Amino acid sequence: MIKSPVLEKTACYHCGDDCTTTEYIVAGKHFCCHGCKSVYEVLSTDNLCNYYSYNEHPGITRKQTDKRFDYLSDETIASDLIDYRDKHITIVTFYIPQIHCSSCLWLLEKLNKINPAVHNCRVDFLKKQLNIHYDHEKLNLQQLVELLDNIGYEPLISLQDVIKKQNTADKDNLVSKIAVAGFCFGNVMLLSFPEYFGLSSFEQTFKHFFGWINILFSLPIVLYSGTGYFVSAWQNLKNRVLNIDFPLALGIAVLFGRTVLEIFTHTGAGFADTLCGLVFFLLVGKFVQKKTYHHISFERDYRSFFPVAVHIIENGIEKPVPLGKLGIGNRMVIRNNEIIPADAILLKGEALVDFSFVTGEAIPVSKTLGEIIYAGGRQTGEAIELEVVKTVSQSYLTQLWNNEAFTRKQDKRMQTFNEKMSKYFTIVLLSIAFATLIFWLPTDVRRGFAAFTAILIVACPCALALSTPFTMSAALSTFDRNRFYLKNVAVVEQLAAIDSIVMDKTGTITTGTVKNIKLEAVLTDEQKQLVYSLCSNSSHPLSRIICLYLGNMDQLAVNGYNEIAGKGIQAHINGHFVMAGSADFILECSDHSPVHTMVHIAIDDKYMGYVAFSLSYRDGMKNIAALSASYDEYLLSGDQDHEREDLQEFFPKANSMYFNQSPQSKLDFVQSLQKNGSKVMMIGDGLNDSGALKQSDLGIAVTDNVNNFSPGSDAILDGKSFDKLPVFLRFAKDTIAIIHFSFFISLTYNLVGLSYAVTGNLSPLTAAILMPLSTVTIISFTSLATHFAAKKRQLI
Amino acid sequence: MNILYFLIGCSVVLALGFLGAFFWAQGNGQNDDLFTPSMRMLIEDDEETPDETPPSI
Chain A
1 MIKSPVLEKT
11 ACYHCGDDCT
21 TTEYIVAGKH
31 FCCHGCKSVY
41 EVLSTDNLCN
51 YYSYNEHPGI
61 TRKQTDKRFD
71 YLSDETIASD
81 LIDYRDKHIT
91 IVTFYIPQIH
101 CSSCLWLLEK
111 LNKINPAVHN
121 CRVDFLKKQL
131 NIHYDHEKLN
141 LQQLVELLDN
151 IGYEPLISLQ
161 DVIKKQNTAD
171 KDNLVSKIAV
181 AGFCFGNVML
191 LSFPEYFGLS
201 SFEQTFKHFF
211 GWINILFSLP
221 IVLYSGTGYF
231 VSAWQNLKNR
241 VLNIDFPLAL
251 GIAVLFGRTV
261 LEIFTHTGAG
271 FADTLCGLVF
281 FLLVGKFVQK
291 KTYHHISFER
301 DYRSFFPVAV
311 HIIENGIEKP
321 VPLGKLGIGN
331 RMVIRNNEII
341 PADAILLKGE
351 ALVDFSFVTG
361 EAIPVSKTLG
371 EIIYAGGRQT
381 GEAIELEVVK
391 TVSQSYLTQL
401 WNNEAFTRKQ
411 DKRMQTFNEK
421 MSKYFTIVLL
431 SIAFATLIFW
441 LPTDVRRGFA
451 AFTAILIVAC
461 PCALALSTPF
471 TMSAALSTFD
481 RNRFYLKNVA
491 VVEQLAAIDS
501 IVMDKTGTIT
511 TGTVKNIKLE
521 AVLTDEQKQL
531 VYSLCSNSSH
541 PLSRIICLYL
551 GNMDQLAVNG
561 YNEIAGKGIQ
571 AHINGHFVMA
581 GSADFILECS
591 DHSPVHTMVH
601 IAIDDKYMGY
611 VAFSLSYRDG
621 MKNIAALSAS
631 YDEYLLSGDQ
641 DHEREDLQEF
651 FPKANSMYFN
661 QSPQSKLDFV
671 QSLQKNGSKV
681 MMIGDGLNDS
691 GALKQSDLGI
701 AVTDNVNNFS
711 PGSDAILDGK
721 SFDKLPVFLR
731 FAKDTIAIIH
741 FSFFISLTYN
751 LVGLSYAVTG
761 NLSPLTAAIL
771 MPLSTVTIIS
781 FTSLATHFAA
791 KKRQLI
Chain B
1001 MNILYFLIGC
1011 SVVLALGFLG
1021 AFFWAQGNGQ
1031 NDDLFTPSMR
1041 MLIEDDEETP
1051 DETPPSI
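Top line first, the protein sequences correspond to chains A and B.
First residue of the first sequence? That's 1 in the working numbering, and the numbers climb one at a time after it.
First residue of the second sequence? That's 1001 in the working numbering, and the numbers climb one at a time after it.
Keep in mind that the hints were calculated from the coordinates and are not lab data.
Because the structure is a prediction, the values reported are computed rather than measured.
Among the hints, erroneous ones may be present.
Stated by the list, open to error - Facing chain B, according to a computed beta carbon distance under 8 Å, are these residues of chain A, among others:
hint, residue
1, Trp106
2, Asp124
3, Phe183
4, Ser656
5, Tyr658
6, Asn660
Unchecked claim - So, partial list: chain A residues that the calculated Cβ filter (under 7 Å) puts toward chain B:
hint, residue
7, Ser102
8, Leu105
9, Pro116
10, Val118
11, Cys121
12, Val123
Each residue gets a CB set at the ideal place from its N, CA and C atoms; glycine is no exception.
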């Protein structure tokens, strides 16, 4: 047998993918595709090859090279995207999901070496944003975006950018409030020290001087930093809710009032130090609670998935139109990897649509001419032409999203432990205070009021207010490290409280990538090599999967390669004629296998067999199934029930699996469970689950790429961490136990303080020591305990 | 001991200066991105002659 020419396996110099062809070699460096090669060429002409010295293979593969930014030349679209424009300079900020390493940072900040019209670039690494100042007389927005695309960093420009620019959010000035509080706190502490150590009689003038300055420093604390507590307490009172802000606001008011009174009447030193410390620590707690993780956004909705504009053909000329102006009857052109934004009829081309965004189904669906394609699919393959039958706002996807049932505001979420406790706390506190007042009034009016105010001061639930934010934020960062991203701190508590788990099937418990491949054909090693060589020439997703399945093989030289879109591929390899493709391509008959997607193989016109693809279940499904001892588990699937037997292993209980579920019926199911008093956690992935996700007490979206769109939810779970879900649930319970215990500690401090206060003998020094001491105890206890709990669960 | 009035005045003015500086930095956006500068400082400045000979195309 003649030895066939064998190609050596090399990694692409730019992105590190396997090179399957020797077509793209520049300066002895191999590239996997034209896109990667052209990026290298752009960089090397501008002496920017240092890019490759910071990280190995820093690039992202750039298979796609077609230009589709024409719509940016439209002034109305462009003006919606830019931040600022004057005579010479335009400032624009792009979201670039590809930013991932220091090489990206280096290159993107060197843009003006490639084009001098760019003045200045700034990368925000965590937000993956690039801020560009450029001269719009020499460079327009379209050219700028094409420049970025040329070096492999295509900005993600979506409809949401346009909306976002229109309503700029007001800035939160919490940091400024903390700065002012810290400033006053430091100064007041300094001026209070002489009082703690005692002042001799000839220094009494200083005492009044210090007192007056302390009042001066307390003013910004009460009038600026602390205003939030008064506003919140007042609003809650109006709604007849007693939350923790009420005793806090009361404490602040009483502290300030009594300080002013004591200094005015020369009866004491006041509590300015306690007041400033209290507000400062409270605000720090609030800051910790608000700390969010920027690398994931929960604000994205379907709009972030849609393009800004789409190309339509009018009188034979292709032109871009903004999505809002797309009308019924327009003929639009959708290219490879573009989203179909409105329901439309296929007029021309082979449509192979990836609906993973809507349904979670990973394998693209092929559509025939004249068929209606719903919005939200992503075309893979050649460009297609479609006639719009419904406008964007009327399309199935948008309707689904805007459905009243789905967007209904959640007002009856679970009450957090803190909310429940602070109600009783406030009632008990007020009754103790008034009881003391009544007790002293007949004998000693002065003492009665002193005791009354002292109780309100010392029982101010500062430590209580801090225990939740500090524990939760420590827990949140632990979850974050394990690729489980929670929307806010309240979600941890919901995670601990749930007792039922409802799961979607496709994309949630099955992986997004096809792993389960059955080769139903007897092939020799040589024949496998033939199939591998054939498939490695195709960019079709199924061909890619077959290549991955067959593993690292030497590639043979291919002659006469031919790809018939939507049917299959064929070529002469090593003297054999190899074909792979659909049933009507190979067998000239159509198959309707409902379960699997198949690729049939023929070598030298002899049918060899087929490769069957089915979605495999995620790792750790057994761990999840083991949860059924303590949780009720249900499976909802939009599919037929042909997988029922496979799934029986994971869902052994009767009536735990439901098939043929529509988005609405999923929502109804969750609702019916809630009516029976269950706390439901819904795990889903696609848009078809979003209603159920919102209805549930805790909605978790599972995704394999966190930068992709995921439906509105309380938490986003990376598919890689799916097996850790039981551990996450246990850790959430630990966290709640820590909060309960720290609540107990802060109550102890309050009781100690109260024992002084009821007698009316609370010295400012006792208050000034007790308050920070309890705060420090709580902060260190919660942080340490959360750390140990995470370690015990092997999460860090 | 009357010097204390002056000293306290000085310390408050000084502290106000720092507070003002913080507000200025905050308004100037210096605290907006606290992560990227840590990466940026590890990147070396440009050399006029790159050590890698520019490849011919």
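How the hints compare with the structure:
1. Interface hint at tryptophan 106 (chain A): satisfied, since its Cβ lies 5 Å from the closest Cβ of chain B, which is below the 8 Å cut-off.
2. Nearest Cβ of chain B to the Cβ of aspartate 124 (chain A): about 5 Å, under the 8 Å cut. The hint holds.
3. Residue-level restraint check for phenylalanine 183 (chain A) holds (minimum Cβ-Cβ distance to chain B is 5 Å; threshold 8 Å).
4. A least Cβ separation of about 45 Å between serine 656 (chain A) and chain B goes past the 8 Å threshold, and the interface hint is therefore violated.
5. A hinted interface residue such as tyrosine 658 (chain A) counts as satisfied when its beta carbon comes closer than 8 Å to some beta carbon of chain B; here the least separation is about 45 Å, so the hint is violated.
6. Against a cut-off of 8 Å between C-beta atoms, the interface hint on asparagine 660 (chain A) is violated, since the closest Cβ of chain B lies about 47 Å away.
7. Annotation: serine 102 (chain A) was flagged as interfacial toward chain B, and the flag holds, the nearest CB pair being 5 Å apart, inside 7 Å.
8. Against a cut-off of 7 Å between C-beta atoms, the interface hint on leucine 105 (chain A) holds, since the closest Cβ of chain B lies about 6 Å away.
9. At a threshold of 7 Å, the smallest CB-CB gap from proline 116 (chain A) to chain B is about 15 Å, leaving the interface hint violated.
10. Because the beta carbon of valine 118 (chain A) sits about 16 Å from the nearest beta carbon in chain B, more than 7 Å, this interface hint is broken.
11. Against a cut-off of 7 Å between C-beta atoms, the interface hint on cysteine 121 (chain A) is violated, since the closest Cβ of chain B lies about 12 Å away.
12. Interface restraint check for valine 123 (chain A): the shortest CB-CB distance to chain B comes to about 6 Å, inside 7 Å, so the restraint holds.
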